[in-house]
Each structure stands twice: as C-alpha cells, then as structure tokens.
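Q: With the hints as constraints, model all of the structure from the sequences given.
Letter by letter, the sequence shown follows residues 87 to 714 in this note's numbering.
Heads up, some of the hints might be wrong.
[Claimed, not checked] Derived DSBU-like pairs: lysine-lysine, alpha-carbon spacing no greater than 30 Å straight-line:
{"id": "1", "residue 1": "275", "residue 2": "595"}
{"id": "2", "residue 1": "275", "residue 2": "634"}
{"id": "3", "residue 1": "627", "residue 2": "595"}
{"id": "4", "residue 1": "578", "residue 2": "595"}
{"id": "5", "residue 1": "578", "residue 2": "275"}
{"id": "6", "residue 1": "595", "residue 2": "634"}
It is worth saying that the hints were derived from the structure and are not from the lab.
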Amino acid sequence: MVLAVALYGGQAFAVDVVLPLALLAAALTPALGWGGCIYRTVVRHIAAQIALRIALVSVATAGSLAILVALAPFMALPWQVFVGFAMTLTLALGGMRLAARTFLSPVSDRHASNVLIYGAGSAGVQAAQGLSSDPTCRVVGFVDDAEGRVGTRLAEWAVYGVTDLPRLVERLRVEIVLLALPSATRRRKQAIIAALEPLPVAVKTVPSLPEILSGTAPIGQMRDMRVEDLLGRDPVPAQPALLRASIQGRVVMVTGAGGSIGSELCRQIVALHPAGLILFEINEAALFHIEQDVRGLQSEHGAFPVTSVLGDVLDESLVEACLRQHGVHTLYHAAAYKHVPLVEHNVRGGIRNNVLGTWIAANAALEAGVERFVLISTDKAVRPTNVMGATKRAAEMIIQDFARRTAPEGAGRSGPGAVFSMVRFGNVLGSSGSVVPHFREQIENGGPVTVTHPEITRYFMTIPEAVQLVLQAGSMARGGEVFLLDMGEPIKIVDLATRMIRLAGFRVKWDAQVPGDIEIVYSGLRPGEKLYEELLIGEKKRDTEHPKIGCADESCVDSEQLHRWLDAVQSGVERLDISGLRYLLAELIPEYVPDEADWDSMSNGWEVEPVATEATLAELRPANRDVL
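A: Next up, the structure:
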C-alpha cells in the first residue's frame with residue numbers, strides 16, 4: 087500500500103491514513119488469498135490459471151479497501167491508489183512464486199530427464215503441459231520442421247529447427263525426444279527416426295491418431311516408441327463391403343479365440359455387428375481375457391449373444407455341437423501351435439493339433455452346414471523346413487481337399503453352405519513368441535540381444551492390419567483359394583534389433599573394442615529355422631479386388647491318398663510313433679526334409695499302410711533331394 091501511494095506521484099498522505107490501510111491490506115490479502123487457493127498451490131506447478139487467481143485476489147483486496155475508504159470520510163484517497171495497489175500486489179504475489187519456481191525447480195528436478203518435444207503443434211503443447219506436472223521429466227524445448235514455427239516461443243519454451251538437433255541434444259543435455267506427431271504417416275516417422283537414431287537419446291511418442299480418436303489413450307500421454315509404429319507400411323483403407331460380407335448379421339465362431347490372431351479377430355468382428363459370436367478356446371485364462379474385451383467393446387458397438395466355449399478343437403462332438411446349436415455361418419480356424427522350436431521337439435502335439443484339429447474342425451463345419459470356413463495359415467507352410475511349417479502345409483491341403491469335394495462338378499466355386507479357403511501371411515508384430523517383445527525384454531534387462539543369424543530376414547505386419555485383411559479375404563473366397571497378404575518388404579532381424587536398441591536410448595556394442603551399452607549376440611539358427619520366408623509355393627499368383635491381397639490356386643494330393651495319409655497319422659498319434667510321424671510328413675510334403683539325425687530311426691516300429699518302403703525312404707533322404 088505504501089508503494090502504491092508512492093507510485094501515485096509522491097503526494098504526501100497522512101501516516102494515520104496510510105498505515106491503517108497497509109495493516110488492513112496485510113490482513114485481507116492472506117484471507118482472500120486462502121479463499122482463492124493461491125497458498126495451496128505447489129510452487130513448481132504454477133500455471134496460467136494460478137496467475138489469474140492471483141490477479142483476482144489482488145483486485146478483490148484493492149476493491150475491499152476502496153469500499154472501506156469510501157465509507158470512512160476521514161480516510162480520503164484517490165481511486166488511482168487502489169489501482170496501483172492491485173497491480174503491485176499482483177506483481178508481488180506472482181513474482182515471488184515465479185522466483186521460487188525458477189530457483190527451486192533445478193533442485194527438485196535434478197533427477198528428472200530432459201525432454202525435447204518434436205512437433206510444436208497442439209499435440210506437442212498438450213504434451214508439454216502434461217509433462218510439466220511430471221517430476222521425472224523436464225521439458226527443455228520444441229523442435230519442428232515447419233519454418234514458420236522455428237524461432238517462436240510456446241509459453242516458456244523455444245522452438246528450434248530440426249537442423250539444430252545434434253547441437254541441441256548436447257547443449258540442452260537431452261535424454262528423451264518425444265514425437266508429438268499423432269497424425270504423421272509411418273513413412274514420415276521412419277524418416278524422423280532415421281535422423282534420431284545416431285543421437286544418444288531415447289525416443290518416445292504420444293498416442294497415434296486412431297488411439298486418440300478411439301479414446302484408448304489421451305493425447306498428452308508419453309509412451310515408449312514401439313517398433314510396430316515404424317515397421318511395414320501405412321495401412322490401406324479397408325473396403326467396408328468386404329469386411330461386412332461374412333460378418334454382419336451372421337453368427338461367427340473363432341477357434342483359438344484367445345491367441346494373438348484369434349483375439350484380434352474377435353475384437354474386429356464385434357465392430358461389424360454380427361448376430362452372435364462364439365469364442366472357442368482351450369486356454370482358460372486366454373478365454374477369460376478375450377471374453378472381457380469383447381463384452382467391453384459391446385458397450386460401444388451394440389449387444390449381441392456372446393458364447394465362451396472352453397474346449398479343444400480335437401473334440402469333434404463338441405465342435406460340431408457348437409456349430410449346430412448356434413447356427414454358425416462363418417468359422418475362422420485360428421487354433422494352432424505355431425512356435426517353431428517347441429513344435430520341432432513336440433512332433434506329436436504339433437501334428438495332432440495342427441493337422442487333425444484342422445480336419446476335425448473342417449469336417450464338423452461341413453456336417454453342420456457352415457457357409458464359410460477360413461483357415462489361418464502361415465508363410466512357414468511354403469517349402470517347409472520344420473515340423474510346424476509342414477503341419478500347416480498339411481492343414482492347407484486338407485482345406486483344399488474339402489473345397490474340391492464340396493464344389494459342384496465343373497463349377498468354379500464351392501456348393502451351398504461350404505466355401506473353404508485359407509489365408510497365408512508372415513510374422514505379426516507383438517504376437518506371442520514374436521521377436522519384438524523378446525528383444526524388448528532383453529533390452530530392459532541390459533542385454534545381450536540374441537539374433538540367430540546375421541542374414542536372417544522376416545516379413546512383418548501389425549496384428550490389426552493382418553486381421554483386417556483376413557476378414558476381407560475370407561469374404562472374397564469362392565472355394566479352395568490360398569489368399570496371400572502383401573507383407574511389404576522383408577526386414578533383417580539384426581537391423582530390427584539394432585533399431586530397437588537405439589530407440590531405447592542405448593548404443594549397440596558390437597565388440598569389446600567398440601564402446602556401447604547393449605551387445606548383439608548371434609546364437610545360431612534354431613532347429614528347423616529358415617533364413618528366408620516365402621508366401622508363394624508356385625509361380626502363379628493373381629490379383630484380387632483388394633490391392634494388398636493376392637490369390638493362388640496351388641496343387642494338392644488326391645482325396646484318396648490324403649485320407650489314407652490321415653488314417654496313418656491318426657494311428658501314429660495313438661501309438662506315440664514320433665519317427666513315423668516325421669516320416670509321414672516327409673511323404674506328404676516333398677519339400678520337408680527332417681534333419682539327418684532323424685532319418686536312422688525314421689521307419690522304426692512303423693507298420694501302418696500305406697507308408698513308403700525302405701526304397702522310397704532312400705529317395706527321400708536329403709542327399710537325394712533338391713530342396714530350395
């Protein structure tokens with residue numbers, strides 16, 4: 087108050103007027119400030135709303151004093167004094183807090199990570215505001231490639247150009263670069279990551295635009311940059327008519343509903359408004375989780391009957407009863423054992439589930455009058471070098487045989503109620519057994535990251551995109567087709583590991599002489615593992631109405647031979663004849679050649695007919711066969 091009087095022009099006022107007002111202001115300010123919550127705000131989190139409260143408290147204090155002076159004639163003061171008092175009080179209360187924040191924040195933030203936000207748009211601003219209340223992070227500025235933004239300031243932070251990145255990382259001691267570009271294409275993100283990879287920073291991101299629009303993640307949230315965000319290509323928009331054709335208004339059943347592909351199938355099916363959904367799964371925990379997901383999604387997309395069946399696809403009576411009781415129109419068969427090394431050492435389980443399970447499910451579908459049966463296959467079925475791939479190729483042959491037997495003579499499509507087809511694709515990111523979560527865990531544990539071979543490559547696709555294409559491919563089926571999903575370009579696994587290490591903010595340690603944080607170790611190819619995967623067995627592939635889905639009509643053994651083979655497999659499974667089962671796989675699928683160590687006992691104890699004789703066995707040996 088004394089300062090306000092002095093600022094008014096130095097005009098002298100009686101001490102007995104100014105002093106009581108000063109004392110009264112000293113009493114009113116804390117009272118009104120407490121009511122305005124300015125004393126209960128943590129200093130380091132002061133924001134624009136608090137500054138407004140301080141101004142309101144100052145105006146209220148000055149106004150209260152002006153009213154008191156107006157009611158007391160002996161305390162005459164001009165109104166300009168009270169305006170000056172309100173301004174000086176605002177500056178004093180706000181200035182003290184800003185000064186405290188400026189000097190105390192470095193002390194409280196000494197363990198915080200310096201964050202540079204890439205993207206000075208609305209997403210970047212919201213991310214900065216959100217991080218300002220996070221004691222583990224300290225925003226040090228923005229970087230943007232838009233020339234109009236470079237050199238400006240957003241609140242207290244400067245906006246720099248992308249060409250300054252290397253210098254900024256060193257000068258500002260940046261530890262994390264946050265990509266605040268939710269609507270950026272995957273190609274643009276790839277280019278940005280390529281520029282950031284040589285820098286010693288961890289890369290994180292805000293949620294993508296679909297995640298924000300769906301409400302699954304807030305825009306200001308910071309999460310780890312997933313390699314799924316960068317690999318592959320920008321998804322091709324789905325064709326709604328193809329998505330709905332086999333789902334909308336129909337009863338759908340998914341076997342293996344709790345698996346990586348099966349669960350995503352169920353989630354996407356919910357949004358297509360089926361008449362009912364049957365979740366068929368042998369794993370109790372997995373079935374529980376997908377049931378919870380589906381019921382949660384129903385609140386958004388509408389209710390329909392959902393039935394959870396805890397069962398095995400090898401239980402033929404249960405499978406057929408489910409199909410008949412619920413009047414299933416479309417069946418997606420995703421139940422399979424797919425881990426190459428595990429199936430390689432568990433031949434009986436792999437053949438029993440992948441081969442016999444597929445035959446039982448297809449036969450039950452035929453008997454129950456299911457309209458469409460779609461087998462989820464894998465690129466490992468092409469010229470297989472392992473048991474898992476061989477069993478999936480055998481499953482494809484079974485579906486091809488069902489399609490052939492149900493097709494009217496001379497027709498190009500299956501008969502009523504029996505359209506059998508299969509969809510073949512490569513690795514999906516984030517699935518159980520995928521290298522991506524395995525590498526992530528190894529990086530979090532400090533390494534080393536294990537890669538089987540320096541030249542091994544794989545195709546990758548996100549699970550949602552793969553499932554979306556599966557649904558569309560199944561709707562295009564006329565019977566017997568092998569649909570091939572466009573997987574993009576193959577990726578070297580060692581390049582994938584290198585990128586994941588760098589995205590986590592670490593340096594790759596290639597040998598003891600080169601400084602680094604996490605080492606990449608080559609462990610050697612696993613049993614049955616191929617260096618390269620393929621999608622097409624023959625050379626003929628035709629286009630479909632979808633630009634990312636191809637189609638092939640591949641050869642298959644005749645029905646009589648296949649059924650004799652299945653009888654022999656059933657007998658081998660019952661007798662636990664592992665060597666005989668390997669032998670039968672090699673007999674049906676010429677490209678499959680077991681390891682040399684397996685051949686000595688290949689026919690031991692095998693008496694089921696028809697099987698190859700010792701003479702034909704010699705022809706099957708690796709030395710006598712040309713295998714790609």
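Q: Evaluate each hint against the coordinates.
A: Going through the hints against the structure:
1. 275 x 595: holds (25 Å)
2. 275 x 634: At roughly 22 Å apart (the allowed maximum being 30 Å), residue 634 and residue 275 satisfy the hint.
3. 627 x 595: Violated - the C-alpha atoms of residue 595 and residue 627 are around 43 Å apart, more than 30 Å.
4. 578 x 595: holds (18 Å)
5. 578 x 275: Holds: residue 578 and residue 275 sit about 19 Å apart, inside 30 Å.
6. 595 x 634: violated (38 Å)
Violated hints, in rising order: 3, 6; the structure is consistent with all others.
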